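Enquirer: Between the sequences and the hints, there should be enough to build the whole structure, so can you do that?
This is what each chain is made of:
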Amino acid sequence: MFVLDTIVHRLKRGRETMAYPRGPAPALPDRHGGALRVESGKCPDDCHACVAVCPTQAITPRAGQGITLDLGRCLFCAECVAACPHDAITQTGDHRMAVRRREDLILGEPGKEEVRLAEPLDAGLRQLLGRSLKLRQVSAGGDGSDEAELNVLSTIGWDLGRFGIQFVASPRHADGLVITGPVTQNMELALRKTWEAMPEPKIVIAVGAGAISGGPFAGHPEVKDGVPSTLPVDLFIPGWPPHPLTILDGLLRLLGRLKEKAKPAET
Amino acid sequence: MSSDSPFALLANATSVRWADVPEWPLAEFVRRTAAELDRGARLCAWFGVPEGGDTRVVAVIAFDADNTLAVGRSTPARGAYPSLTATHAQAHLFERELWEQHALRPEGHPWLKPVRQSLGGAPALRDFFRVDGREVHEVAVGPVHAGIIEPGHFRFQCAGEEVIHLEIGLGYQHRGIEAALVGGPHRVTASQMETVAGDTTIGHATAHAAVREALAGTEAPLRAQWLRVIALELERLANHTGDLGALANDVAFLPTASACGKIRGDFLNLTALLCGNRFGRGLVRPGGCRFDLEPERLAWMTSRLETALAEVEQATAWLWDAASVRARFEGTGTVFAQQATELGLVGPAARACGLVRDVRYDHPAGWYRLAPMPVAVWPGGDVFARARVRWLEVQRAGQLLREQLPAAPDGAMHGSAADAQPDTLAVALVEGWRGEVCHVALSDAAGRFRRYKVVDPSFHNWIGVALALRGQAISDFPICNKSFNLSYCGFDL
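So the protein lines, in turn, are chains V and Y.
Positions 43 to 309 (my numbering) are the ones given, in order, by the first sequence.
Positions 1492 to 1984 (my numbering) are the ones given, in order, by the second sequence.
It is worth saying that the hints were derived from the structure and are not from the lab.
These numbers come from a predicted model, not from an experiment.
Check the hints yourself; a few may be wrong.
Reference excerpt, derived from the structure (chain V facing chain Y, CB under 10 Å, subset only) [stated by the list, open to error]:
#1 Thr48
#2 Glu121
#3 Asp129
#4 Thr132
#5 Ala182
#6 Ile198
#7 Trp200
#8 Lys235
#9 Ala260
Just so you know, even glycine gets a beta-carbon here, dropped at the ideal spot from N, CA and C.
Expert: See below:
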């Protein structure tokens, strides 16, 4: 009886994996706001209202006029959006924000109002990987939330396995290393050893503001201010923590599985 | 009874003038603290405050039955003192921490070694406890584990499959949170408090906000206190649901594992509905909350909550029905009530040993004063009991939300910010989903933080995991560990 009940309930639940990326992306929560857009051309000379409210000093006055905003340090609290009297900093509602180069997260200069989304890995490496990407995850001072959002990708709603992407137990089996947290002094050795144990070629992915820049812990003597101080990074995924959709977008973008340039459906 | 305690008495989320906290020479202070613990008090925090090259030791204790907290302190001291741990095991990590941070040596401490100290690249774990014998072998696991999980080192002493002793070495996640708070609050402080333990964002943010408000002698508006309770119970629902699924996964019972993985996300999305972030980042701030739950959003949340609660009820019904699950859960990883009492365990881990211990009931603050919460207790102390307590708490959190969502008080979400009073000590306890979150702040003459102490429930409870493994097959480690599901970063700070 019990076994049959379980099967019946399971059938009733039906297929729960989302349609994305073939179908539209699920909507971000309306108060999430998504990636930021910075138009420093709108800033008057003497206004630095946003600089004073940013908890992580992600916003710096630009030589000449306006400001730049580092999305790699951003905690997405939107205090700056509220503080800006000139609509120079706005929320795009866009979940996509993964980039290949650190400087592509710096917003504000003319022509660089938004993030410059990640280009795929080069064709040779993609051919080598084929339809599979095995990742090893290391938390180096992560607070458990970035890790939770990575774990979510393996649940039935997201089903990361359908893209051939899988988290593996051994660095020997891994094509890439996914790192969360600001890289604490006390994890530096273990992180480095994990990276060294991986066969070449190897990819490094930094997930969350902590791993990209140290986040709110930047400047603490106990942390290394993110992965770039320790290892070369191939993909930066901003967020505090990043929404699972942002992480998935970054991984698929890296593998060249996303071609679209248009924004996802408005909600 | 606390009424004749020589310590300064105070209620949860209130403050006391530093000058009014009674003081004794350190050895006498240890004896006084021991006497209070002997008559039923519980150690919430024990830490040092630097003063002129010496260190004062501060104890925050809880008389749960009297709904009262108490604070005492030593006169400035240095060097060695008679260990409290020698007679009261619940002080064991606090005294190690005090020794590491302030070089006060507890004479007679049975296992004095660093807690988070760095060797540069790795924590200074020193020698592990070792069992000798021809049949004994040692198993070392971590810091990097075979999953997406935080780092820690586990050292097992085994005879065949059986674990004789487990020692847990942490410190890998140390981010210097307490040191950075001295001289604060800083602009980044509220964000750092939300990430002490990322899955307890609301718990730690609420404790921090309460401590700041108590220092200032204010309270957040009632509507903000109401919303903090809504968010805290949503956090509890998400994490308990996730843990029930993970426990099912560890005994290869996939229907519940799959369903709960998804439903956990549904609860996180309710928090995101509230503030945009699935973990509640940016919601709770000293003085109030940054977002409101307007009528339309409230109605939406209520209906989505009902769906998720019905689904988790169904998904866990499969779990409790399955004989194979019960066979793996029952009698596995037992911690006895006496051990839990002596070691000062908190949260569901303590309640699963039959201890009636819950901040929401014993020391209600904020909206819990108006929304009483029954304590979910189950005897047994095994994996089954810890799973069962979580399920009871899912039900009660659901019931509380059903009652409280329609009961919102009118008013503002944010009060006016007030400055901290000088030379004042404030204490806030919050029952996070893992147990007691304790924040203690001491202001200086200018109202800045002179000392800030954070105690995550994991700090009390990791020793419980080690005890649960004694006499257990080492292959049961994952399920025992998951039944506690403690925080590494919350411990390491």
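Enquirer: The hint names Ile198 of chain V as touching chain Y; please verify it with the least Cβ-Cβ distance against 10 Å.
Expert: 5 Å, holds
Enquirer: Can you verify the interface hint for Thr48 of chain V: is its Cβ closer than 10 Å to any Cβ in chain Y?
Expert: 5 Å, holds
Enquirer: Restraint: Glu121 of chain V near chain Y, CB-CB cut 10 Å. Satisfied or not?
Expert: For Glu121 of chain V, the interface hint holds, since the closest Cβ of chain Y sits about 9 Å away, which is under 10 Å.
Enquirer: When the nearest CB of chain Y is found for Ala182 of chain V, is that gap smaller than 10 Å?
Expert: Holds, because the Cβ-Cβ distance from Ala182 of chain V to chain Y comes to roughly 7 Å (cut-off 10 Å).
Enquirer: Would the stated hint for Trp200 of chain V survive a check requiring a Cβ distance to chain Y of less than 10 Å?
Expert: 9 Å, holds
Enquirer: Would the hint on Ala260 of chain V stand, with a C-beta cut-off of 10 Å toward chain Y?
Expert: Cβ of Ala260 of chain V sits 9 Å from chain Y, so the hint holds.
Enquirer: Classify the hint on Asp129 of chain V as holds or violated, based on whether any CB of chain Y lies nearer than 10 Å to its CB.
Expert: Since the shortest Cβ distance to chain Y is 19 Å, the answer is violated.
Enquirer: So, Thr132 of chain V near chain Y? Judge it on the closest CB pair being under 10 Å.
Expert: 15 Å, violated
Enquirer: Quick check on the hint: Lys235 of chain V CB to chain Y CB, less than 10 Å?
Expert: 8 Å, holds
This entry does not satisfy hints 3, 4, going by the numbered hints stated previously.
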